[in-house]
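**Student:** Top line first, the protein sequences correspond to chains A and B.
The numbering used here puts the first sequence at residues 4 to 396.
The numbering used here puts the second sequence at residues 29 to 390.
Because the hints were derived from the structure by calculation, they are not lab data.
Every value quoted in this text rests on a predicted model; they were computed, and no experiment measured them.
Don't be surprised by glycine CBs; every beta carbon is placed ideally from N, CA and C.
One or more hints might be untrue.
[As the list claims (entries may be wrong)] Incomplete in silico selection of chain B near chain A, CB under 7 Å: (1) D162; (2) T163; (3) G204; (4) L238; (5) R241.
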Amino acid sequence: MTTTSSEQHAVPFWRDERYLQVLAQILVVAIIAGTLYYLANNLVTALAAQNIPIGFDFLRLTAGFDIGESSIAYSRASTNAQALLVGVLNTLRVSFLGIIFSTILGAIVGVARLSNNWLVNKLAGIYVEILRNIPLLVFLIFLYSAAFVKLPRITEALELPGPIYLTNRGFFVPWAEPGDGWSTYRWVLWVGLLVAIVVAWVLRRQGQRTGRMPLILLWAPLAFVVVALLGWFIVPGQPLVSSIPVLEGRNFTGGNGLTPEFMAVLLGLVVYTSAFIAEVVRAGIQAVSKGQREAATALGLSGFQTLRLVILPQAQRVIIPPLTSQYLNLTKNSSLAVAAGYPDVYAIGRTIQNQSGRSIEIIALMMIVYLAFSLGTSLFMNWYNKRIRLVER
Amino acid sequence: MVRKSFIMLALLLVLALTLAACGQATTPAPAPAPEQPAVSEPAQVAGNTLATIKARGKLICGVNQAVPGFGFLQSDGSFAGFDIDFCKALSAAIFGDPNMVEYRPLTASERFTTLQAGEIDVLIRNTTWTLTRDTELGGNFVHTTFYDGQGIQVPVDSGINSITELGGTAICVQQGTTTELNLADQMAAVGVQYTPVVFETADETVNAYLEGRCDAWTTDMSGIVARQSIFPDPTAHKILPEVLSKEPLGPMVRHGDDQWFDIVQWTVFATFQAEEFGITSQNIDTFMSTENPNIRQMLGLEGEMGVKLGLSNDWAYNIVKLVGNYAEIFNRNLGPDTPLGLARGLNASWVDGGLLYAPPIR
Numbered sequence: 004m005t006t007t008s009s010e011q012h013a014v015p016f017w018r019d020e021r022y023l024q025v026l027a028q029i030l031v032v033a034i035i036a037g038t039l040y041y042l043a044n045n046l047v048t049a050l051a052a053q054n055i056p057i058g059f060d061f062l063r064l065t066a067g068f069d070i071g072e073s074s075i076a077y078s079r080a081s082t083n084a085q086a087l088l089v090g091v092l093n094t095l096r097v098s099f100l101g102i103i104f105s106t107i108l109g110a111i112v113g114v115a116r117l118s119n120n121w122l123v124n125k126l127a128g129i130y131v132e133i134l135r136n137i138p139l140l141v142f143l144i145f146l147y148s149a150a151f152v153k154l155p156r157i158t159e160a161l162e163l164p165g166p167i168y169l170t171n172r173g174f175f176v177p178w179a180e181p182g183d184g185w186s187t188y189r190w191v192l193w194v195g196l197l198v199a200i201v202v203a204w205v206l207r208r209q210g211q212r213t214g215r216m217p218l219i220l221l222w223a224p225l226a227f228v229v230v231a232l233l234g235w236f237i238v239p240g241q242p243l244v245s246s247i248p249v250l251e252g253r254n255f256t257g258g259n260g261l262t263p264e265f266m267a268v269l270l271g272l273v274v275y276t277s278a279f280i281a282e283v284v285r286a287g288i289q290a291v292s293k294g295q296r297e298a299a300t301a302l303g304l305s306g307f308q309t310l311r312l313v314i315l316p317q318a319q320r321v322i323i324p325p326l327t328s329q330y331l332n333l334t335k336n337s338s339l340a341v342a343a344g345y346p347d348v349y350a351i352g353r354t355i356q357n358q359s360g361r362s363i364e365i366i367a368l369m370m371i372v373y374l375a376f377s378l379g380t381s382l383f384m385n386w387y388n389k390r391i392r393l394v395e396r
Numbered sequence: 029m030v031r032k033s034f035i036m037l038a039l040l041l042v043l044a045l046t047l048a049a050c051g052q053a054t055t056p057a058p059a060p061a062p063e064q065p066a067v068s069e070p071a072q073v074a075g076n077t078l079a080t081i082k083a084r085g086k087l088i089c090g091v092n093q094a095v096p097g098f099g100f101l102q103s104d105g106s107f108a109g110f111d112i113d114f115c116k117a118l119s120a121a122i123f124g125d126p127n128m129v130e131y132r133p134l135t136a137s138e139r140f141t142t143l144q145a146g147e148i149d150v151l152i153r154n155t156t157w158t159l160t161r162d163t164e165l166g167g168n169f170v171h172t173t174f175y176d177g178q179g180i181q182v183p184v185d186s187g188i189n190s191i192t193e194l195g196g197t198a199i200c201v202q203q204g205t206t207t208e209l210n211l212a213d214q215m216a217a218v219g220v221q222y223t224p225v226v227f228e229t230a231d232e233t234v235n236a237y238l239e240g241r242c243d244a245w246t247t248d249m250s251g252i253v254a255r256q257s258i259f260p261d262p263t264a265h266k267i268l269p270e271v272l273s274k275e276p277l278g279p280m281v282r283h284g285d286d287q288w289f290d291i292v293q294w295t296v297f298a299t300f301q302a303e304e305f306g307i308t309s310q311n312i313d314t315f316m317s318t319e320n321p322n323i324r325q326m327l328g329l330e331g332e333m334g335v336k337l338g339l340s341n342d343w344a345y346n347i348v349k350l351v352g353n354y355a356e357i358f359n360r361n362l363g364p365d366t367p368l369g370l371a372r373g374l375n376a377s378w379v380d381g382g383l384l385y386a387p388p389i390r
C-alpha cells in the first residue's frame with residue numbers, strides 16, 4: 004500500500020520545509036512573470052486592435068521643432084533621436100551642476116547647524132525647516148513665475164559691475180572666448196592637469212609614508228594654476244579674449260547668457276536638495292562619538308585639524324549612503340523642469356510624443372534614461388562608499 | 029552594493045533589448061491589419077461607440093477649457109464655446125437633448141492619448157487636421173468645422189511689423205502643437221534666427237509673453253484673438269500680417285468605428301446644410317410643412333435618413349432646433365456681437381463664397 008519513496012521520506016514533500024521554500028520562490032517568480040506577460044500582451048493586442056504601430060523608427064525621422072537651449076548642434080531638420088539627446092544633455096547639465104552646488108551649500112548649512120554661534124545655528128535651522136517642507140514643484144513655479152520672469156525687461160536691464168546684466172530674458176555675464184593662441188594654450192592646460200595629478204600622487208605617497216597627510220586638495224589645484232599662469236605668458240598670441248555682453252536690438256550679443264528657465268530649475272533643485280543634505284551632514288558629524296573629538300584635542304590638534312583628520316573621515320562613512328539617495332532624488336526631481344519651461348529630456352520627450360503620437364515608446368525611453376542616470380550615480384557612490392569603508396580586521 | 033548595481037544595470041539592458049525586440053517583432057503586425065476584409069477586429073473592440081454612449085446615458089467630449097469662444101470654462105462652472113456647441117449638437121442628435129454631455133478638459137499634449145485610450149468618445153478641441161495625426165495617432169479627423177491660420181502677436185510698441193523682423197527674438201509657444209512645428213518651418217524658410225520658449229499650457233505661454241519673457245507669441249489666429257479679449261490691455265498688442273499656416277480645426281474620433289465617424293460627420297454637415305436652407309432654431313417649425321423634398325428628407329419627414337445613421341429620424345431637426353445652424357453657432361460664440369468679433373471669412377457657406385459645403389442629405 005505505501006510506496007518505497009514515502010518510506011524514505013519521513014515527512015511528505017508538501018510538508019518538507021526545504022521543498023516548500025523552493026516552491027514558494029518558484030511560485031512568486033511565476034506570478035510576477037505571468038503578470039508582466041499579461042500586461043505586455045494586453046498592451047500589444049490593444050494597440051494592434053486600434054492600428055497603432057509600435058516601434059522606434061520614429062527616432063530617425065525629422066523632429067521639425069526648435070529647442071531653446073542646446074549644448075550640441077541642433078536645428079528643426081535634426082532627427083527625433085538628436086532632439087532627445089539634447090534633452091538628455093540638458094538634464095545631465097542641470098543635474099550635474101545641481102549635485103555639485105547642493106553638496107557645497109548643504110555641507111555649509113549642515114556644519115552651520117552645529118555651530119556654537121546662536122545666530123548661525125538658528126538661521127541654518129530655519130533654512131532647513133522651511134525649504135525642505137515646501138513641495139519642489141510649488142517652489143519651482145514660484146521661483147520662475149514670481150522671481151525670474153518678474154525681473155526687469157531686456158530694455159531696462161539691471162546692470163551690475165562687470166558688466167553683468169540681469170533681465171527676465173536671462174543673466175548675461177562677460178565670458179572668455181578662444182583667441183588666436185588657444186590652439187597652443189590648450190596643450191598647456193593639459194600639461195597643467197598632468198602636473199596636478201603627479202603632485203597629488205607624490206603628496207599622497209609622502210603622506211602615507213610619514214603619516215602626516217598634506218593638504219592635497221590645496222596643493223594639486225595650485226600646481227595647475229601655476230602651470231596655467233606660466234603658459235599664459237610664454238605662449239605667443241592671446242589664448243583667450245574677453246567677450247562683453249552688449250544690448251543689440253532685442254537681445255544681448257557677446258558674453259554668455261543663462262536663461263531664466265535654466266536658472267530657476269538649477270536654483271530650485273540646489274536650494275531644495277541642500278536642505279536635505281544639510282541634515283545628512285549634521286547627522287553624520289553628530290554620529291562621531293564625543294570621545295574622538297576630546298582625544299584629538301588632548302593630542303593638541305587644532306579645531307580645523309580635528310575636523311579634517313578625525314571627524315570628517317569618520318562622518319563620511321555615515322554620510323555617503325543617505326547622500327547617494329539625495330543625489331538620486333535631485334536627478335529624478337529635475338524632470339519637474341517642465342514646469343519652468345526648461346527643455347529637459349522629459350519636456351522634449353513630451354513634445355516628440357505629441358508630434359509623433361508614440362506615447363508608449365517615449366515613456367519607456369524616458370524611464371530608461373532616468374534609470375540609467377540613477378544607476379550610474381549609485382554605482383559611483385557605492386564604489387566610493389566601499390573605498391572609504393572602515394576595514395575591520 | 030556594487031554587485032547589486034551591476035545586476036540592476038544588466039536588468040536595464042535586458043529591458044532595453046526586450047523593448048527594442050518588441051518594437052521589431054510587432055512592427056510588421058499592424059501592417060496587414062488594414063488589408064484584412066472590412067473591420068474584422070477593430071469592429072468588435074471599438075465598433076460600438078454609439079451603443080456605449082446610449083448605455084452610459086451621456087456623451088464624453090474632450091474639450092478645451094482655456095480658449096474663450098471655442099472652449100472655455102466659465103465662472104459658473106459650465107463650458108461654453110464653438111467646439112462645445114458641436115458637442116451639444118452631437119448630444120442632440122443622439123439623445124434629443126443637448127445637455128447629455130460630460131466635458132473632459134484636456135491639455136494639448138494629452139488629448140490624443142486620451143482619445144486612443146477610449147477615455148473620450150470624440151475630441152472637439154480646436155485640433156488641426158494633419159496627415160501624421162490622421163494616420164499615426166489612432167484617430168480620424170471627421171470634417172473641418174473652422175478654417176483657421178496661425179498668427180504671431182507682438183506688442184504694438186515693439187516696432188515689429190513682419191516676421192522677417194523677428195531676428196534674435198524669443199517667441200513663446202505651446203508644447204505639442206502644430207504651431208510649434210509651423211513656427212520652426214516658417215522661420216527656417218525666411219532664414220530668421222529666434223529662440224523658442226516652450227510651455228505646457230496656454231496660460232503659462234500667454235503669461236510669459238505678457239511678462240516680457242518673449243517678444244512675441246504664436247498660436248492659431250482665432251486663439252490669439254480669443255486670448256487678446258481677456259488681456260489687461262487688448263489694444264497694446266497686434267497680430268503680424270503673415271499667416272503662417274493652414275489650420276483646419278475639426279472633431280476627431282477613434283479609428284475603427286465607421287458608424288460613429290458617420291454620425292459625427294453628418295452632425296457637422298447638418299449644421300452647414302441648415303444654414304444653406306435658411307433653417308434656424310427659431311424658424312425650423314415653419315419648415316415642418318414644407319414641400320421641398322430635400323428639406324423634408326433632412327428633417328426626417330421623408331425617407332429614413334436618421335435610421336441609416338443609427339439614430340432617430342428627427343436627428344437633424346433636434347440639432348438645429350436645440351443648438352442651431354452653423355451661422356447661429358458661429359455668431360453666438362465668435363461673431364461680431366462677441367468680444368472676439370471674428371468675420372466669417374473662409375468659414376462662410378459656399379453659396380456666400382466660403383468653404384462650407386455639405387454633401388446632399390438623401
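**Student:** Please write out, lowest number first, the hints stated earlier that are contradicted by the structure.
**Tutor:** Hints 1, 2, 4 contradicted; others consistent.
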